[in-house]
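These protein sequence lines are chains E and G, in that order. First residue of the first sequence: 1, per our numbering; consecutive thereafter. First residue of the second sequence: 1, per our numbering; consecutive thereafter.
These are computed hints drawn from the structure, not numbers from a lab. Where hints are given, some of them may not hold.
[As the list claims (entries may be wrong)] Derived pair list, reagent style BS3-like, types lysine-lysine, alpha-carbon separation capped at 27 Å:
#1 E:362 <-> E:276
#2 E:2 <-> G:88
#3 G:88 <-> E:276
[What the hints assert, rightly or not] Which bits of chain G does chain E cover? Going by a derived footprint, with three or more residues having C-beta under 8 Å, they are:
#4 28-36
#5 54-62
#6 160-174
All C-beta atoms in this analysis are idealised placements derived from N, C-alpha and C, irrespective of residue type, glycine included.
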Amino acid sequence: MKDFLTGNHAVAHAVKLCRTPLIAAYPITPQTAIYEKLSEWEASGVLKGIMMRTESEHSAMASCIAASLTGVRTFTATSSQGIALMHEMLHFAAGCRAPVVMANVNRLLAAPWGFWADQLDSLSQRDTGWIQFYCENGQEALDTVIQSYKIAEQVYLPAMVSLEAFFVSHFMEPVDIPEQEQVDRFLPPLDLPHKFDIDKPGFFVPVVSSELYRKYKHMAQESMDSVKEIAVKVDQEFKEEFGRGYGMIESVALEDAEVALVTAGSITSTARLAIKNLRKQGNKVGLLKVRLFRPFPVEAIQVALKGKKKIAIIDRNLSLGSGGIFCQELRATLIHSPDHPLTYSYIAGIGGTDVTPEVIQKIAMEVMSRTEPVDKPMWVME
Amino acid sequence: MIEIKFRGRGGQGAVSASEILGRALFLDGKYPQCFSLFGGERRGAPVVGFLRVDEEPILLKCQIYHPDHIIIFDPSLINEDEILQELKPGGMVLVNINEEMDFLQSLRKFKIGFVNASLIAKDTGVGSTLNTVMLGAYIHLTNLVKMDTLVEAVKTMVPSKMEENIQAVKEGYRQVKIFEVEE
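The following block holds chain G by itself, in its conformation from the complex (with noise of 0.2 Å):
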């Protein structure tokens, strides 16, 4: 079993981005389980999406706490306390980030990548939404899905821009920067 943290503010997608993951994953004929922290929904406020996968029937009921995955949508809510407190031994991080690779040094113990996804997506011209981005940049980091499961995933689930989100999907997939972990 695969457990994700989709973590971003209202208005991101990332809530959306782990519906788009979880329909991939069910086209894919896996056992997706998705839900998010409901209650508190509103443009620019922290929100955060989960997703489990397993190739059975999910039998569980409760939150996610150790993610394997942990996808980042905006710079402002990476805090490296939390993912090195939250991340299982072995996971992978996601983050969007606009500036230089030396950061997040301490992480450097799990795979990462960095994605500049809030400019892919104003060139794709998606906008603000940076599900599609970020989903790309996701399945180049960690192989879960396959494109073209993905981009008939959000064919399905994204209700306009159709083809800026197929190529937003492409550019996410084709720009990540992707470290090893350094031993």
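Isolated chain E (complex conformation) (with noise of 0.2 Å):
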């Protein structure tokens, strides 16, 4: 069924959908509204699950690795300061091997104070062991969420599905809500080979050797590997299925490109416009989407990118004294290029700032013209 729907209410759908017996969070803006909405549905009925109203998001996060050990599908929903909050219990929730599953709006971190988008509050966290999404509107927002149950209950990791503040959490859109029997078929119940048994008491997190560790993370690491596999693999019975599907990563008009772009998220949306209109002046620029951040799809990118001899990377996101993180990923991607091709690095829609066909045109026009690399990174500041 078609709707008009915001992001956040379309990540609400997908929850619902997924028939999460368990949702802890804690309300913070620009989520909020997903909060809202399942709240509203667990009071009429139409959740089938219950919602914990904890009192800070570290507590929820620990609440979904509780329930989720218990062999339940959990979810939350958190931004910006809530993610930080939640640092410590996202690296338990991925060493506990919990496929919790969360919604992040990108929302900048204080200080200073502000709700807009950028996307250093889920980047903050790569290292933490989570499966990470980015999405360009709220349509994709709710396909993936319903993708990463699949994937992350494969897996045993947890999955974050990142969608920005306002651009995407807060624009209204027509979004095809799936029919639950379609996602009863797509999705099946959960089912752990480990959980908690009341009947069967057992004991999680026990002190290891360095050697068990060392084991325990080695195999942690080959079932985030093979997330690239997996994630191919659903997102091809999801389109079989629904009709949709959006691979790890996409390539718009890549064959010819002498200019490659590289975005994640929302700017791709307004991006796809800016290739167009590059394409009517006769300009060869192609765009390249990262969806899949974690793991981060080298070989795939690896053989997007091949015989690219310029790529511009355009970060909503900036590591203080490096520089745009996608950009750090992709340089690291294609570090054994035999072409060695040269990589621009962007900073643009910090903090919210807008990010416009005009200003996409603009750097991708710059990059035409530039023959020699650029270490630093370089700030767009319309």
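Starting from the two chains in their separate frames, assemble the complex, guided by the hints.
So this is what it looks like as structure tokens:
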């Protein structure tokens, strides 16, 4: 059924459709609408699950982990300071191999205070062991939450679905809400091989020896690596059931492109229009969308960007003292490229500043005329 | 693509008007996109809502700077310089106004609608929320949505005083004074 929804409400629909029995959350702008919608449905009986209104995001994640270890599907949503407060528990979720799914509405981190779009909140959790997706609109956020359960529950790792504040969370657009029967066909009930059982008391998170810890981490790394393959398969199954697929990355007009732009999140959507405009003007510019960030789809990106001479990465985030985080990952990915492409880092959209098609076109044209490498990130200050 | 800016004060229903109109366009099979500048919503404070609509899905995920239509819910927020600067050539303006029409001479190069929305809202019993009156007037000015579709959207989106709100839409439509572009 098609409806006219915000990205936040699209996410809430996904959680309801996945029949998630346990939602533990703490409200924070701009995620609150997810929490409110699920609460409203709980009150009216539409939602079959339970909402736990915890006293903090740290407790929300602890509750999700504990519930997940009893073998039930769990969900939480957060943003910004909320995900920062969760940090310790994020490591625990991955370490306990709990397939928790979380929506993170990308909001800048204080100080100074603000509510605006910025990917640093989730990107600074990149080493916590969570699968991470970045979505460009509400439809993709809804679909990715459903896909995330299916992926996370196969590899026993938690998954995070990121959508930017305002540009996705608050933009109201037509969204196709899948039928319950379709989601039931696509997503089987959760059946974890190991779970807490009141009748057979058990124990999680023991102290381990160095060797066991190393072995454990190695196994987790192998599971995380397998996500690249499993996520592709799940995306294909999703496409067969729902008619929509996204890939882990997406190439747009890259074949003959002299300049390849790389984006993640909502800037990708606007960039699609910028690419159309640039092509109309006869400029050979293409686009690579990065949807999966953890694990980073290294091999797929190497293939997609093979032979490209100039690449510009647009980051709505900043690692102080280094630069754009997607750019760091991309440069590492291309380190062994035989043709050594020139990679340019652009910081645009920080703190929710606007990234229009004109801004993206300007970046592309600037890169067209560049011939020398630039190590430092270049700030778009319009 | 048509881009619309809704300017009002918190409590007047400018943002909800953008959502009701978006819903009506959605019911018409169009591709609307609604958003508001968030962060400072409170009663009485200036608020801005936006709506884009097109025949195909909208890819833009950025702000609107030069709308085709501007709808102003509060007479105190009429800023002629701002409208002249922002509105696209050939654009239209709808204002809630309770004074005579020789006002806003500088804007007569645009098609313009005047409606005494505050009075109509009071008379029809909807109170101080102007969204339904303004939308009735707006669809008369622009012909963007049919009356039936707008009423259907109002029915799904307005939480209370349904009959009064539908009456408000119709009165807004009927009472708006429309001035074509002056050469």
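Practice problem: Mind listing which of the numbered hints don't hold for this structure, in increasing order? | Solution: 2 and 6
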